[in-house]
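Chains F and C, in that order, are what the protein sequence lines are. 1 is the number of the first residue of the first sequence in this note's numbering; add one for each residue after it. 1 is the number of the first residue of the second sequence in this note's numbering; add one for each residue after it.
Wrong hints could be hidden among the right ones.
Where chain C lies over chain F, by a calculated footprint (3+ residues, C-beta under 8 Å) [said to hold, decoys possible]:
#, segment
1, 5-19
2, 34-43
3, 119-129
With a straight-line cut-off of 30 Å between C-alpha atoms, the simulated DSSO-like cross-links for lysine-lysine are [what the hints assert, rightly or not]:
#, chain 1, residue 1, chain 2, residue 2
4, C, 4, F, 4
5, F, 164, F, 335
6, C, 149, F, 379
7, C, 91, F, 13
8, C, 160, F, 379
9, F, 164, F, 225
10, C, 141, F, 164
11, F, 4, F, 135
12, F, 4, C, 91
13, C, 4, F, 379
14, F, 335, F, 351
15, F, 135, C, 91
16, F, 91, F, 233
17, F, 335, F, 13
18, C, 160, C, 170
19, F, 131, C, 91
20, F, 135, F, 161
21, C, 4, F, 164
22, F, 4, C, 149
23, F, 13, F, 131
24, C, 91, C, 141
25, F, 4, C, 141
26, F, 42, F, 233
27, F, 4, F, 225
28, F, 233, F, 18
29, F, 379, C, 141
30, F, 225, F, 123
31, C, 91, F, 123
Okay, the calculated beta carbon distance ranges per label pair [stated by the list, open to error]:
#, chain 1, residue 1, chain 2, residue 2, range
32, F, 13, C, 91, 22 to 32 Å
33, F, 118, C, 153, 45 to 55 Å
34, C, 4, F, 5, 49 to 59 Å
No lab work stands behind these hints: they were computed from the structure. Since the model is a prediction, treat every value here as computed from it, not as a measurement. Positions of the beta carbon are idealized from the N, C-alpha and C atoms, including for glycine.
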Amino acid sequence: MTNKYYEFFCPVKVIAGKAALEHIPYELSGVGARRPMIVTDKGVRAAGLLEPVIAACEESGLEIVTIYDDVPPDSSTTVVRDIAGIYRQEKCDSIIAIGGGSAIDTGKAVNILVSEGGEDIAKYSGAGVIKHPLKPFFVVPTTAGTGSEVTSVAVITDEAKGVKLPFTSSFLLPNAAIIDPRMTLTLPPHITAATAMDALTHATEAFTCMAKNPLSDAYATAAIKKISQSLLKVMDNPKDVDGRLELAQASTMAGIAFSNSMVGLVHALGHATGAICHLPHGLCMSLYLPYVLDYNLETIREPLGELLLYLEGPEVYAATPASRRAETTISAIRKLRDALHKRCQLPRTLKETGKVTEVQMDQIAEMALDDGSIMFNPKEVTLEDARAVLRRAWA
Amino acid sequence: MLAKRIQPMAFHARRLYVGLMFQVMGRALQAVSEVDEQVQNEARVLPDGFLFEMMVMPDGSKLIVEHTGQGRFRYHGDSAPRPVDLSIQFKHIAHAFLVLSFQEKTSVAFASDRMLVDGDISYAVRMTRILNRLESFILPKLIAQRAVKEYPADLHLPEKLISAARIYLKVATNFVETARP
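Generate coordinates for the entire structure from the input sequences, incorporating the hints supplied.
Structure representation (structure tokens):
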């Protein structure tokens, strides 16, 4: 018997498909919530994405008590405290977070504060600090990439101390994630591409890193198949509702996979690059993915080779000798990146971003080495290894 | 019947082994921080007075070391002078035994949720690198390969033997000194 052991947990109800938003009132009433608050950002509101949610609730006689639409891209402890104040003042009893990673993380943090009490979210920072279920919480993602709707983590910036506070607890998970293709229909091409590559990276790292397990593998491979079949179709036809739904579902599935299997060096480098060069997370994922897979190749040859089936389909998989499948998988990812670059100039190298200098690469390497994700990378990474990957990703 | 009578003894032996290994590792962490420049460079980033704990939940064996500055550690036994800054916790003594008897790599135990990190994750990553470096020094290569994710390619036999001898000597001295009444 091997020592192999794993844990898998995802209690989030997924409500996905046509008219999914119209299920929100029923879901709220199912947990006895009658006074929901919406937490979102100005971009979501300006894109008109709140209207179908509000209309769906009003039609069922459920009033949205208040809307906070000023969540910044990097949410802070002050924002969380302010929103919690409004929640209490308006006597709300539930939260609906509508948006991308920042709005969802803010919703999670506000839920901690309004459920546990107090004004200072920082004191709940860390793993396992929260011991009780929180208020009813629903998430409507408006990007198809982060997977935040099914992860038990939130990151909030403490502006005063200049640090990012992580919050980890299964109680942060929403009661339900509502995946409606209407919410991603108007995403601009470069965000569609970057967020889908974020989801592809979540699934690929979940499938190849140290904490991989059979249940996460099933979600990861299904997510990769959906992305490879739908991403370019959606890029060519942004109003493709079915394709949008496929990408949104893939993002959630990849989120379920990586929240149970974790991620590796791509994320470690991406987090560092985002912090130092202020590049969007999805872009960093797309950029580093093939270079890191090259670096990990000999450690992950077998699982990486398996992914060829989901990326390129059974014909290519069958026609490729088993010994070459891992390399062909990396080539397929490079080919996808080239296609995205052609369609929306999504950068493939650090140089192409125009926002990274060669001098910053040492800083990125050093910061990446202290990132938690690196613990799950299948191959040990030294400072020199990280530098070498960055040099290859330069141009 | 025999198995039932032996089981409590086996559990007791396992507890003793884990406790002893924590004592050795705590002292060895102090020793390696006095011997190895790479460990000192890693540890130097930790705040002075930083307390690191490795323990078995809920209240089992533990080791506590303090970063006293300049990349040096001091072993505090199993009691901390103040609340610890970083705690790596095995969920059960069985899991600690798997790792400390080198049947399972530390990185694998962490990836499989057999242990938890309470504290700054970047410091946990750093401490893991230090523990890996320590294990690479003090364990025979065949056993170290079972304990660490990747045995360092640049660690050659003469350096390993000299460093290991110095670490073991310091550990033994520390045992003798702390055993005095």
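Where does the structure disagree with the numbered hints, that is, which hint numbers, in rising order? 2, 5, 9, 10, 11, 13, 16, 17, 21, 30 and 34
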